[in-house]
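Undergrad: Sequence:
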Amino acid sequence: MGAFAKFYGNCSCNVAEAKAMRRGIKVCITMGLTNVIVESDSTIILNLIKRIRKPPCRFNDIIDHIQTMTKDRNYVFYHTLREGNNSVDMLANLGDEYKMFLSSMRLYHYL
Numbered sequence: 001m002g003a004f005a006k007f008y009g010n011c012s013c014n015v016a017e018a019k020a021m022r023r024g025i026k027v028c029i030t031m032g033l034t035n036v037i038v039e040s041d042s043t044i045i046l047n048l049i050k051r052i053r054k055p056p057c058r059f060n061d062i063i064d065h066i067q068t069m070t071k072d073r074n075y076v077f078y079h080t081l082r083e084g085n086n087s088v089d090m091l092a093n094l095g096d097e098y099k100m101f102l103s104s105m106r107l108y109h110y111l
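All residue numbers in the sequence shown are consecutive under the working numbering, ending with 111.
Because the hints were derived from the structure by calculation, they are not lab data. This one's a predicted model, so the numbers in the text were calculated from it and none came from an experiment. It is possible that part of the hints are untrue.
Unchecked claim - Below are the BS3-like pairs computed for lysine-lysine, each with C-alpha atoms no more than 27 angstroms apart in a straight line:
{"#": "1", "residue 1": "LYS71", "residue 2": "LYS26"}
{"#": "2", "residue 1": "LYS54", "residue 2": "LYS71"}
{"#": "3", "residue 1": "LYS71", "residue 2": "LYS19"}
{"#": "4", "residue 1": "LYS71", "residue 2": "LYS50"}
{"#": "5", "residue 1": "LYS50", "residue 2": "LYS19"}
{"#": "6", "residue 1": "LYS26", "residue 2": "LYS54"}
{"#": "7", "residue 1": "LYS54", "residue 2": "LYS19"}
{"#": "8", "residue 1": "LYS50", "residue 2": "LYS26"}
Said to hold, decoys possible - Simulated restraints on C-beta separations:
{"#": "9", "residue 1": "CYS11", "residue 2": "THR34", "range": "28 to 36 angstroms"}
{"#": "10", "residue 1": "SER12", "residue 2": "ASP72", "range": "27 to 35 angstroms"}
{"#": "11", "residue 1": "ILE37", "residue 2": "HIS65", "range": "30 to 38 angstroms"}
{"#": "12", "residue 1": "CYS11", "residue 2": "LEU81", "range": "18 to 26 angstroms"}
{"#": "13", "residue 1": "ASN35", "residue 2": "ARG58", "range": "27 to 35 angstroms"}
{"#": "14", "residue 1": "GLY9", "residue 2": "ILE44", "range": "14 to 22 angstroms"}
{"#": "15", "residue 1": "ASN74", "residue 2": "ASN10", "range": "17 to 25 angstroms"}
{"#": "16", "residue 1": "PRO56", "residue 2": "MET31", "range": "12 to 20 angstroms"}
{"#": "17", "residue 1": "LEU33", "residue 2": "THR80", "range": "14 to 22 angstroms"}
{"#": "18", "residue 1": "ARG73", "residue 2": "ASN10", "range": "26 to 34 angstroms"}
{"#": "19", "residue 1": "LEU33", "residue 2": "ASN10", "range": "18 to 26 angstroms"}
{"#": "20", "residue 1": "VAL36", "residue 2": "ASN10", "range": "28 to 36 angstroms"}
{"#": "21", "residue 1": "GLY32", "residue 2": "LYS54", "range": "29 to 37 angstroms"}
Every residue gets a Cβ at the ideal spot worked out from N, C-alpha and C, and that includes glycine.
With the hints as constraints, model all of the structure from the sequences given.
TA: Next up, the structure:
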């Protein structure tokens with residue numbers, strides 16, 4: 001399990017959510033993880049990734065990159081309620097408040 005917080009500059013919360021998701025997926029791929037569950041409280045981003053909606057131009061590159069990275073991997077995307085996403089919201093607030101990158105990556109294997 002890993003966590004990070006990063007400031008993405010002046011952008012909407014949806015763009016920041018998509019960028020954070022892309023970064024998390026990159027970390028999982030770098031760590032060699034093959035079976036990954038990606039959870040998000042943003043139905044907008046999830047619908048764009050699942051191709052339920054066509055991404056607006058400001059999302060094109062980010063969403064295309066996420067789709068390309070996960071295409072031939074067992075990455076599953078699920079919606080979670082905002083209440084179940086408190087730790088992620090806390091990290092997002094830290095990244096925004098301190099305008100820096102914070103990271104703590106640990107991998108736990110469950111048998």
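Undergrad: Does LYS19 lie within 27 angstroms of LYS54 when you go C-alpha to C-alpha?
TA: Judged against 27 angstroms, a Cα distance of about 17 angstroms means the pair holds.
Undergrad: Are the Cα atoms of LYS71 and LYS50 separated by 27 angstroms or less?
TA: Within the cut-off at roughly 11 angstroms; holds.
Undergrad: Using the beta carbons of SER12 and ASP72, state whether their distance is inside 27 to 35 angstroms or not.
TA: holds, 30 angstroms
Undergrad: Tell me if the beta carbons of ASN35 and ARG58 are separated by a distance inside 27 to 35 angstroms.
TA: Check passed, 31 angstroms falls within 27 to 35 angstroms.
Undergrad: Does the Cβ-Cβ separation between CYS11 and THR34 fall within 28 to 36 angstroms?
TA: Holds: the Cβ-Cβ distance is about 31 angstroms, inside 28 to 36 angstroms.
Undergrad: CA of LYS71 to CA of LYS19, is that 27 angstroms or under?
TA: Distance of about 17 angstroms is within 27 angstroms: holds.
Undergrad: Is the hinted range of 29 to 37 angstroms satisfied by the C-beta distance from GLY32 to LYS54?
TA: holds, 32 angstroms
Undergrad: Are the Cα atoms of LYS50 and LYS26 separated by 27 angstroms or less?
TA: holds, 18 angstroms
Undergrad: Per the hint of 14 to 22 angstroms, is the separation of the Cβ atoms of LEU33 and THR80 within bounds?
TA: holds, 19 angstroms
Undergrad: Tell me if the beta carbons of ARG73 and ASN10 are separated by a distance inside 26 to 34 angstroms.
TA: holds, 32 angstroms
Undergrad: Checking one constraint from the list: CA of LYS54 to CA of LYS71, max 27 angstroms. Satisfied?
TA: Judged against 27 angstroms, a Cα distance of about 17 angstroms means the pair holds.
Undergrad: Quick one: are GLY9 and ILE44 within 14 to 22 angstroms, going by C-beta?
TA: About 19 angstroms separates the Cβ atoms of GLY9 and ILE44, which means 14 to 22 angstroms holds.
Hints 11, 15, 16, 19, counting from the list given before, are not met by this structure.
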